[in-house]
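*Asks:* Below are the chains, spelled out letter by letter.
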Amino acid sequence: MAPATGDSPAAVALEGVGRAYGERVALRDVTFALPEGATVAVFGANGAGKTTLLRILATLLRPHAGTATVLGALLPREAWKARGRLGLLGHEPLLYRDLSARENLRYHARLHRVEPARADALLERVGLAARADDPVRTLSRGMAQRAAICRAVLHEPALLLLDEPLANLDPGGAAAVAPLIGSGTRVLISHDVEQGLAEADWVLGLRAGRQALWAPRPQVTVADVRGLYA
Amino acid sequence: MRGAVGAVIRKDLRLEARAFESVPAMLMFSISTFVLFHFGLDRGELEGDLAAGVLWVTLLLAAVLGMNRLFVAEQEQGGFDGFLLAPVDRTAMFVAKATVLFAFLVAVELVAVPAFALLLLGPGAGQALPELVAVLLLADAGIAVVGTLVGALGVQTRARELLVPLLALPLLVPVVIGASEASAPLFAAAGADPLPGRWLAVLALYDAVFALLAYAVFDFLLED
Numbered sequence: 001m002a003p004a005t006g007d008s009p010a011a012v013a014l015e016g017v018g019r020a021y022g023e024r025v026a027l028r029d030v031t032f033a034l035p036e037g038a039t040v041a042v043f044g045a046n047g048a049g050k051t052t053l054l055r056i057l058a059t060l061l062r063p064h065a066g067t068a069t070v071l072g073a074l075l076p077r078e079a080w081k082a083r084g085r086l087g088l089l090g091h092e093p094l095l096y097r098d099l100s101a102r103e104n105l106r107y108h109a110r111l112h113r114v115e116p117a118r119a120d121a122l123l124e125r126v127g128l129a130a131r132a133d134d135p136v137r138t139l140s141r142g143m144a145q146r147a148a149i150c151r152a153v154l155h156e157p158a159l160l161l162l163d164e165p166l167a168n169l170d171p172g173g174a175a176a177v178a179p180l181i182g183s184g185t186r187v188l189i190s191h192d193v194e195q196g197l198a199e200a201d202w203v204l205g206l207r208a209g210r211q212a213l214w215a216p217r218p219q220v221t222v223a224d225v226r227g228l229y230a
Numbered sequence: 001m002r003g004a005v006g007a008v009i010r011k012d013l014r015l016e017a018r019a020f021e022s023v024p025a026m027l028m029f030s031i032s033t034f035v036l037f038h039f040g041l042d043r044g045e046l047e048g049d050l051a052a053g054v055l056w057v058t059l060l061l062a063a064v065l066g067m068n069r070l071f072v073a074e075q076e077q078g079g080f081d082g083f084l085l086a087p088v089d090r091t092a093m094f095v096a097k098a099t100v101l102f103a104f105l106v107a108v109e110l111v112a113v114p115a116f117a118l119l120l121l122g123p124g125a126g127q128a129l130p131e132l133v134a135v136l137l138l139a140d141a142g143i144a145v146v147g148t149l150v151g152a153l154g155v156q157t158r159a160r161e162l163l164v165p166l167l168a169l170p171l172l173v174p175v176v177i178g179a180s181e182a183s184a185p186l187f188a189a190a191g192a193d194p195l196p197g198r199w200l201a202v203l204a205l206y207d208a209v210f211a212l213l214a215y216a217v218f219d220f221l222l223e224d
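Protein chains in written order, with the working numbering: chain A, 1 to 230; chain Z, 1 to 224.
It is worth saying that the hints were derived from the structure and are not from the lab.
Rough simulated footprint, nothing fancy, chain A against chain Z, three-plus residues with beta-carbon under 8 angstroms:
id, region
1, 1-10
2, 13-22
3, 67-81
4, 86-96
Ideal Cβ placement from N, Cα and C applies to all residues, glycine included.
Based on the sequences and whatever the hints tell you, model everything.
*Replies:* Right under this line is the structure:
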């Protein structure tokens, strides 16, 4: 059984989840349950399996072992139930470089059946209105990251899957996006230990694809997390 | 599904209008090939089977260029992930991409077919144009369906530019046969003969069979 996490129903529940790429095992026997409204910070060195975990939760990768339930949908069979309720911000912005930020967001708005006006409002909120009609390839990495955050939250997802969401953002940019990604049920990958812990209710540590740590935030010290990188 | 299909089509046409990656390449290839045939065959005019063969082999090879590019933006810029995260039927991607490839082929043919007539057919070739349009549309539909299927398969491999023609060309042999047989009488030396309905039916049947097949398997091509 997944470790108990309180009274709230689990938004994410994994039981012995594993995933391999050919012969290479990227994730092995990961088990946890994240209550609705809570944030789990995921820590681990490069290659520890963080991105694989995020892509499994996003329904983009099938787990090869164990059971994974996301927003009540058993993966991969019921993945369709969760799609449209997940917001993914990964390494790549998932934006077409030859389209503008506004065109990209309006495209995703149509796919998610969201009013195009919400795309415009989000661009305004993150301070991109002045560059909203420039091709994404001409934007700085920080600006592209802000546009990608708008894409991830466009449809007001019930679960946010965030991989280094503040990467490339200056303090102003980070402050602008904070209200968009700072609350709700979140799986947050971070290499900034202090920042990640500050936002977390639960902490998941991965080492070489294995679950090395799962505990409520108050029981985890900075040294515990740094030990994952040793 | 209609909204998602429309969104992907609009997005793809906009990307093509910005980047000019597919249609100009397909068009340049077609016209260059006609010029090569014009000088290589050293004949002022082609007719019948030979004219039809030159036209259809050239258009098919030009179409392969479009197939190779059809899913590149989805693969390289995260379009697949963005689409798969949306609550839409995955078949919408197939329908949209096949429609886009069909539109690219029609756009290329609007210029390439008159160029073919100018370089390789005799005077009076324009009389057969209305009948030729029917053959072009039926063949384009088949090429678009199979090309979309093969393009989606190829883009997930490292050898995309090798795999797409290796898969597409054998699968499209019936289209070349049907389209050549249907259009050869239109290029007859003594003036256009009637369009053979049997070959149009073959093309229509091919389109229907592969459309159903693609509908059935496309979801699995997008699976992890």
